[in-house]
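> Chain residues, written in single-letter form:
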Amino acid sequence: MDFNTKYTPQSWPDHPEQVTLEGKNKFLGFWLFLAGETVLFSSLFATYLALKNKGPSGMEFSTQTLFELPLVFVMTMILLTSSLTSVYAMYHMKNHNFKGMQTWLAITVILGIAFLCLEIYEFNHYVHLGFTYGQSAFSTAFFTLVGTHGLHVAIGLGWIILLLIRNAKRGFSLYNAPKYYTASLYWHFIDVVWVFIFTVVYLMGVVG
Amino acid sequence: MSSIAKKKGFGASLWDYLTTVDHKKIAILYLAAGGLFFVIGGIEAMLIRIQLAKPDNDFVSAGLFNEIITMHGTTMIFLAAMPLLFAFMNAVMPLQIGARDVAFPFLNALGFWLFLFGGLFLNLSWFMGGAPDAGWTSYASLSLASEGHGVDFYALGLQVSGAGTYIAGINFLVTIINMRAPGMTYMRMPLFTWTTFVASALILFAFPPLTVGLFFLIFDRMFGGNFFDHTMGGNTIIWEHLFWIFGHPEVYILILPAFGIFSEIFSLFSRKRLFGYSSMVFATVLIGFLGFMVWAHHMFTVGLGPTANAIFSVATMAIAVPTGMKIFNWLLTIWGGSIKVTVPMLYALGFIPSFVAGGVTGIMQAAAPLDYQLHDSYFIVAHFHYVIVGGVVLAILAAVHLYWPLMFNQMLSEKLGKWTFWFFFIGFHCTFFIQHFLGLMGMPRRVFTFGADQGWDTFNLISSLGAILMAIGVIILVVNVIITIVKNEKVGNDPWGDGRTLEWAIPQPIPFYNFKQTPLVRGLDTFWIEKQEGNKEGMTYAEPLSDIHMPNGSIIPLVMSFGLFVASFGALYNGEKDWAIPVLVLGLAITFASMAIRSIKDDHGFHVHKEDILKNEGGNK
Amino acid sequence: MSHDAHVYSKSQTEYEYTRRVRREAMRGQVTTFAIMIFLTLIAFSAVAAGFSEYFIVPILLLLAAIQVVLQLYYFMHMSEKNHGMAAFFLYSGAILGFTLFLTFLTIVWWN
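So the protein lines, in turn, are chains A, B and C. Residue 168 in the numbering used here sits at position 168 of the first sequence; the count goes up by one each step and never skips. Residue 1304 in the numbering used here sits at position 304 of the second sequence; the count goes up by one each step and never skips. Residue 2047 in the numbering used here sits at position 47 of the third sequence; the count goes up by one each step and never skips.
There could be a bad hint or two in this list.
[To be verified] Only some residues are given here: those of chain B computed to face chain A with a beta carbon under 10 Å:
no. : residue
1   : 1171
2   : 1174
3   : 1178
4   : 1182
5   : 1185
6   : 1186
7   : 1211
8   : 1213
9   : 1224
10  : 1227
11  : 1231
12  : 1602
These aren't lab readings, by the way, just hints derived from the structure by calculation. Note that the structure is predicted; figures quoted are calculated from it, not measured. Don't be surprised by glycine CBs; every beta carbon is placed ideally from N, CA and C.
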């Protein structure tokens, strides 16, 4: 068995991402990376909470005046749905349905782009209000936390698009299956982080 | 690609090292680069001691002195001690567990080049308007006020080299979890592998907070952020927390592999199984866990309140328990052993009293009320040099002698090695023991000079004389290395005669695929077991001879790291020079483009054929 | 290493069986998704309804925790075997992260 072996749906292994040693290593290494990312985002969240609503004396901005929930709700729905579409993609990967996987991943990408556009719109809106990056400790912490998440979304999109284009004509192999799998793990992790962002930053911000 | 090594020209060998993904060659790169930075950091130390040798000295100015102490600390921790330990982890750990390479050979190379470019960037500050001068801890109130670009070099350089360390940590973890040979259960792993494992786990969790902290510093200084600026609502204590949440585990990232090295040495040269193996493993894991729960003991005097101080005080003292277990286990390993006092063993024997002294002063500082007295005095300087030099540096020097034959198939001179040891060891105690008393007499850290009427001149002079002895020791080591390389006498495998673990069983020079057949591990100290049973080969094999799959070399890691090096210059001059942003974009473009190329270009590696392996075998005999 | 695994072709019955198992699992995933959407709706509407802060905040955090567990165990397949090490490291990271939260909410020395 080699990386170039062609498979049929019958011979395609149950866990194609973990058949080769390279695949196993990628799988575990990526989970460990996510564990490190957990600490990274925890640091950003903790800093945000410490600096929330802190600014020069007489600052007009606060979480309660700034955030608008309808936009955040739409963004949340989009990102949650993109999580489901990437689950569908992995479902088709296990069934050795290449077209199905590519299609669902393409939908994931479109949803991701929509999310990113909304986030850019939101940031732009805040900047126009005068809530710029250097306006206060609060603004710096807010843009850094949410922006780091946005950067992860952008990197995830670039990664998935690259995979889609590169493998468009090649179909499945044990070489690219782990790549697809880790990319989808990454996408889910982005969603996990967003769950905390919409809860801790936006919802708890509006509450007070 | 043929597996048989031919005589190569200089250009070809250079290209080989620039593109290598072989863990043994990367180990040599780490050793060379770490050694270079060790010498640079050592020269900085000498300058400090020359300045402090007599009162009211004006050998260096106050500003330059601040730059020197900052760079001495930063270089020694990030660019010397860690990379040197990585050199031995890379060289030894995969061999100890019976693996053909690490889990991610490409990332292994990337980690090295990131470290090297980060380190070069940091040291370029000397020639580009002044080095960082806010101390290696770079507390925010001080570092935000620091003029010039020194602190920018610090933040960007450490960010790049920290990324390399993080990658190396994940790589070692996956290697140890996934690539152990058949029969190598967790509880049969040599202690050096165990400590590498725990230290890598600490890297995985300790480096993200540092990354975040450094990004905050970069944003605050270069991009108009307000994390630490209290007039804008920021909070300077955030830096201290993030730094020490990284900084304290960092101490254990350094000392645990050192413990691992000494465990190997004690067992090897006492010719006994390590006493209390399972309790050693338990103690290692426990130290790793507790290491994360004590960072605020660096911040007792910040004013966190009596409750926080009490909690962190108790947690800190608790670490003495597993460390004490280790000390007693080492003593009991020597007890009744058939001891050979070689150079590595000398270092190990010298390590125990030195490190215990450092540990005891650590307990003293763990008591928060006493720490208020000792804080920021030379007592602290003495303490951490006792654990870092008395622990980590002695371990690195011991490992250089111990593993030199494994890495280069040559033996360093034992005679010169003993000279190095005695100069270094006596010089070390001479330099730092007296600093305890300087601290108790009230001499503060980080002062560039002192008055003749303060009564500190004799002790400072003694301390400086000790530093000269240490320098002589290191010079003898360098001479030893040069002589050994020039002589180039091959020694073969198991040169110490009493190797216990797999790495000594492999025939020298070690083929690039390490093991022609994956070994079967039959117990702790597997090579010892095979030798006792009269197995001439030294290994039992778990598989028949077959083709071996190996990764291809690649220049991409170097290019990827170089991109970040370029981008760092862009970030550094942001808002000051017109070309700053284009350079930042260009650098990031180089990095991302090389990542894309790595992703798009298939790299299946290559197979070494059975016939070539057999031919290779014949060639070596 | 990579070449020592062997290609195994499933029989027709076996193949249909795994397809069915997967289809059912996928249905479970969709249910999970529905629950997650539902939890999100509760969270947003609770805030919009404007209940007391001391009532809402714990509920919001609980809902977030449930959603993350669903995401991890179903969408990211952490419930399947072979995830022991992944779970161990992820939880270690989470515990450290929690310590960070606690620290930054208590001892960053505000007053």
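> So, for every hint listed, does it hold in this structure?
Hint-by-hint comparison with the structure:
no.	hint	in the structure
1	1171	holds (7 Å)
2	1174	holds (4 Å)
3	1178	holds (6 Å)
4	1182	violated (14 Å)
5	1185	violated (18 Å)
6	1186	violated (15 Å)
7	1211	holds (6 Å)
8	1213	holds (8 Å)
9	1224	holds (4 Å)
10	1227	holds (6 Å)
11	1231	holds (6 Å)
12	1602	holds (7 Å)
In summary, the structure is inconsistent with hints 4, 5 and 6 from the numbered list given earlier, while agreeing with the others.
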